[in-house]
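Kindly generate the complete structure, drawing on both the sequences and the hints.
Residue numbers (this note's numbering), protein chains in the order written: chain B, 1 to 523; chain U, 1 to 523.
By construction, these hints were calculated from the structure, which means they are not laboratory data.
All the pointers check out, no bait thrown in.
Which residues of chain U face chain B? A few of them, derived with a C-beta cut under 8 Å, are:
(1) PRO180
(2) LEU208
(3) LEU228
(4) LEU334
For each residue, glycine too, the CB sits at the ideal point set by N, CA and C.
Protein chains: 2
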Amino acid sequence: METPISLDPCSRHSLQAQLHEQVRKLILGGQLRPGMRMPTSRALAMQLGVSRNTVLLAYERLGAEGYLQTRGAVGTFVNHDLPDDCLAARRLALVAENGSQHISRHRAIAFEGRAQTIVGDKHPAYDFQLGRLDSHVFPFKAWRRLVTSTLSRAGACLTEYGDPAGLLALRQAIADRLGPTRGINVDPDQIIVITGCQEGFNLTARLLLREGASVAIENPAYQGAAYLYESYRARLAPVAVDDKGLCVDALPDAGAALLYVTPSRQYPMGFTLSLERRLRLLDWARRTDTYIVEDDYDSDFRYRGSPIAALMGLDSHGCVIYLGTFSRSIGPGLRLGYLVVPKHLVGPARQVKALFDNGHAWLEQAALAGFLAHDSYENHLRRIRQCYAERRDCLVDSLRRHFGEVTVSGAEAGMHIAWHLAGELPRATDLQIMAAQYGVGIYPLKSAAAFDFGGCAYSERTIMLGFAALDEQQIRAGVERIAAAVEAAQRTAGRGRASRTERMRPRSPANATFRAAARPVTG
Amino acid sequence: METPISLDPCSRHSLQAQLHEQVRKLILGGQLRPGMRMPTSRALAMQLGVSRNTVLLAYERLGAEGYLQTRGAVGTFVNHDLPDDCLAARRLALVAENGSQHISRHRAIAFEGRAQTIVGDKHPAYDFQLGRLDSHVFPFKAWRRLVTSTLSRAGACLTEYGDPAGLLALRQAIADRLGPTRGINVDPDQIIVITGCQEGFNLTARLLLREGASVAIENPAYQGAAYLYESYRARLAPVAVDDKGLCVDALPDAGAALLYVTPSRQYPMGFTLSLERRLRLLDWARRTDTYIVEDDYDSDFRYRGSPIAALMGLDSHGCVIYLGTFSRSIGPGLRLGYLVVPKHLVGPARQVKALFDNGHAWLEQAALAGFLAHDSYENHLRRIRQCYAERRDCLVDSLRRHFGEVTVSGAEAGMHIAWHLAGELPRATDLQIMAAQYGVGIYPLKSAAAFDFGGCAYSERTIMLGFAALDEQQIRAGVERIAAAVEAAQRTAGRGRASRTERMRPRSPANATFRAAARPVTG
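This is the structure in C-alpha cells:
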C-alpha cells in the first residue's frame with residue numbers, strides 16, 4: 001500500500017514531524033481505518049525517500065499518542081481502540097475545515113465591553129497626542145546600571161514566586177515618598193504594586209462592584225476607567241466637572257459603590273479639585289458609604305503652586321483608595337504603578353491581586369526600588385519637570401503668537417493642556433480635521449482618551465494638546481501649521497488665496513467645512 | 001398606614017433626597033419589608049406636607065435603584081428581589097449603628113473569594129513543595145547578556161505603550177514553537193502575552209463567565225484556577241479524574257460556560273489525558289458549545305514517551321483556549337505566559353487584555369523573544385530536562401529503597417510526582433505531620449495547591465513530592481528522614497525504640513498518631 005503522503009524537504013517542519021502529522025490526519029480523516037496494517041518502516045522510508053529512522057521515530061510517537069499499535073514482529077496497525085464516534089467527530093471536523101460553509105456555532109461570550117484607545121505607534125509629523133513621553137528623557141544610563149546590578153544580585157528572585165502585593169523594598173520606597181509628597185502616611189502593607197492605573201481600576205472593580213452597582217464618575221472622564229467599570233456592568237453615573245474640578249453638589253445623594261475621580265488634575269481638563277470641595281467630597285463619601293478611587297496619575301508634574309494633599313491624605317475614615325503610576329514619570333514600558341488601600345481593605349486587596357496574576361515581574365520592581373531609594377528618582381523628576389515646563393511655556397507662547405489671548409486650562413501641572421477655542425475659531429472636531437491635513441495631530445475631548453457622557457461643557461470647543469513628547473522646535477512648527485490650516489480653511493470659505501497655504505501644502509485636498517467662521521491668522 | 005418619616009425643610013438636602021434616604025433606610029433596616037405595599041404618592045405627600053411630585057420622584061429613584069417596584073395601577077411595593085449587596089449593607093449598617101464601639105461603617109465590599117496558596121519563602125530543610133525551581137538552573141549568563149543587549153536597543157520601547165497583546169516578536173517566537181512542539185498551528189495574532197497562567201484564568205473568566213455561569217473543572221484541580229473561577233461567582237461542577245485523566249463520561253450533558261482541564265499532566269496527579277478521551281472531550285465541547293481552557297503548564301518537561309498533541313492542536317472547531325507559561329521552564333519571577341485563542345475570539349480577548357492592564361512590561365518580553373529565537377531556550381530546556389530527570393529517578397529510587405515497590409504517578413513528565421501510599425503506611429495528612437517533625441515538607445492533596453472538592457479518590461492516601469528544587473543528596477536525605485519518621489511513629493505506637501530515631505532526633509516531641517499501622521522501614 002502506498003500511503004498518500006508527501007514530504008516537503010524545504011518545509012520548516014522536520015520530515016519526521018511532517019510524516020507524523022500526515023499519518024495522524026489520514027487516521028482522523030478515515031483514510032487509514034482502525035485495524036489497518038501500516039506499511040513497514042522500511043517500505044515507507046523507501047517510498048518517501050527518507051531514512052528508516054525518520055519513519056521509526058514518527059511511528060513511535062504515533063504509538064505513544066495512541067494512533068498506532070505495534071504488535072511486535074507482526075507489524076504496526078492503526079489502533080482499534082479509536083471509537084467510531086470519535087472518528088465520526090473527526091470526519092465532521094475535517095468536513096467543516098474543508099467545507100465551503102464556515103458556520104461555527106459558539107456559545108455567546110460573556111464579555112461586553114470596549115477597550116480604551118491606547119497611544120498607538122502611528123503618529124502624524126507633529127503629534128500633540130496625550131500620554132506620550134519623550135524617549136530622550138528616559139534615564140537610560142541610571143536604569144541600565146540599576147538593571148545590571150540588580151540582575152547580578154538576583155539569587156532565587158527569578159526562580160521563586162514573590163509577594164503578590166509586590167516587592168517589599170519597592171513598597172517601602174513608595175510609602176516613604178507618599179508622606180512628604182502627597183500627605184499620605186501609610187504602611188508598606190497598604191501598598192500593592194500594580195501594572196499601571198488600568199490594573200488598579202480592575203482591582204477596585206473586583207473589590208467593590210457587583211453587576212449593576214453604581215459608579216459615580218467625572219464627566220468627562222478618563223476613558224480607560226469609564227470603559228473598565230462599564231465592562232463590569234456597572235451603572236455609570238456621570239458627575240459634571242467645572243474649573244474647580246468635580247462638581248461635588250451634583251454627586252448622587254444615595255452615594256455609589258465607587259466614585260472615580262482625578263483630583264490633582266482632572267483628566268483630561270486639567271482642573272485641580274479645590275480643597276473646599278475635597279473636604280465636602282470626603283464628607284459625602286463618609287455619609288453615603290462610598291469608596292473613592294483617587295487617580296493621581298499626573299501628580300509628579302506640578303509647575304505652579306504647591307501640591308494639594310491627596311484626598312487619601314485628608315481622609316480619616318478609610319474611604320479612599322489611591323492610585324499612582326510611574327508610566328508618566330519614567331515610562332509606560334515598565335508597566336509599574338501602585339494602589340494604596342485603607343487598612344481595613346488590605347486583606348481583600350491582597351487576595352484580589354494574588355488571584356489576578358500572582359504579582360509583578362521581579363526585575364523591574366527591584367530596579368525601581370533602587371531608583372527611588374537613591375534620590376535618582378527625585379533628580380530625574382527635577383530634570384524632566386524643567387524640560388516639560390519649558391515645552392509647556394513654548395506651547396502656550398506659540399498659541400498666543402498665532403491665536404491671540406488664548407484660554408487654556410491645566411497648565412499648572414501635567415503633560416498636556418486644554419485649549420478652549422474662542423468663538424471665532426472652528427469647532428474642535430473641525431479643527432482636528434484641518435490640522436490633520438497639515439500633518440498635525442490635535443485632540444478634541446472624544447479622541448483624547450476621554451469619555452464624554454454627553455451634556456459636557458467641553459465637548460465642542462476644547463482641544464487637548466500633549467506637549468511632553470515634542471521638542472520646542474516641533475511645538476512651534478506644529479502650532480504654526482494649525483494656524484496655517486485655519487487660515488487656509490478660511491480663505492477657501494472666502495474663495496480667497498493664502499500665501500501661507502502656498503508654503504505649506506496640505507497633504508490631501510482640503511475638504512473640511514466648519515460652522516464658525518475662521519479667524520484671520522495674526523502671526 | 002403612617003410611615004415613620006419626617007422631613008426637615010431647613011436641611012441642605014432636598015426634600016426629595018431626604019425622603020429617598022429615609023425610605024431606603026427603612027427598607028434596609030427591615031421596618032419596610034419586601035413585598036409591603038407603600039402608601040400612595042398622594043397619601044404620603046399629604047402626610048408629609050410636600051408636593052406629590054416630590055414623592056413621585058423619590059419613588060421613581062427608589063424604583064430605579066431596585067428598592068421599590070411599581071405594578072401599574074396596583075400600587076408601589078418594596079421589592080421582593082433586594083439584591084445581596086443591599087442586605088449585606090444592611091447587616092453592616094445595623095452593626096455599625098448599634099455598636100457602641102468605633103466600628104467604622106463601610107459599604108460591604110463585593111469581593112468574595114480566597115486567594116490560592118502560592119509558594120512561600122519559608123521552607124523546611126528538605127522541602128518537596130510543588131512548583132519550586134532550583135535557582136541554580138536559571139540561565140543567568142544568557143539572560144544577563146540578553147537583558148543588557150535588549151536594553152541598549154530600547155529606543156522608545158520603555159517610554160511608549162506597546163501592543164497590549166504583547167510584543168510581536170515574542171508572539172511570533174511562541175507561535176513558531178507551538179507548531180512543532182504542541183501541534184498547534186496559529187498566527188501570532190491569536191497569542192496574548194500574559195503574566196502567567198493565573199492571569200490567563202482571569203482573562204478567560206472575563207471573556208466567558210457571567211455571575212452564576214457553570215464551570216466544569218477537574219477534581220482535584222489546580223487551586224489557583226478553582227479559586228479564581230469561584231471568585232467570579234461561577235458554579236463549579238467538579239469532574240472526577242482517573243489514571244487516564246479527566247473522566248470524560250462524567251462531564252455534564254448540558255455543557256458549561258467553560259471547562260478547565262490540564263490534559264498534558266493533570267494537576268496535581270500527573271495523569272496524561274489519553275488520546276481517545278481527548279477526542280471525546282472535543283466532541284463533547286462541540287456538541288455542548290463549551291469552551292475548553294487547556295492549561296498546559298508543564299508541557300516542556302516530558303521525560304518518557306513523546307508529547308501528545310495539545311487539545312488545541314486537535315480541535316478544529318475553535319472550542320479550545322490554550323494556556324502556556326514560562327514560570328516552570330525559566331522562572332516565575334519573569335511573570336510571563338501566554339494565552340492562545342481561536343481566531344473568532346482574537347478581538348474580544350485583545351480587548352479584555354487591554355482593559356486588564358494595557359499589556360506586559362517590555363524588557364522581559366523583548367529578552368524572552370531573543371531567548372526563544374536563538375535556540376537558547378531549547379538548549380536550556382534540554383539541560384534542565386536532563387537535570388530534573390535525574391532528580392526524579394533519584395526520588396523514585398530513594399522511595400523504593402525505603403518503602404519497597406511504591407506506586408507513583410506522573411513520573412513521565414513534570415516537576416513532581418504523586419506517591420500513592422500503600423495500605424500499611426499512615427494516611428497522607430498524618431505522614432505530613434510526621435515528616436514535618438523531621439524537617440521534611442511533603443504534601444497531601446489539600447496542601448499541594450490543589451482544590452479537593454471532596455469525594456476524590458486521592459484525598460487520603462496520596463502525597464505530592466516536588467523534586468525540581470532539591471539536589472540528589474537532598475532528595476536522598478529527605479526520603480531517608482520520611483522513613484525515619486515513619487519508623488519512629490511505629491516504634492512509639494509499639495512502645496519500642498528505634499536506632500534510626502536516635503540518629504535523627506525529631507525537632508519536637510513526636511505526638512503524631514496515625515490510624516494505619518506503620519510498616520517497618522526496610523532500607
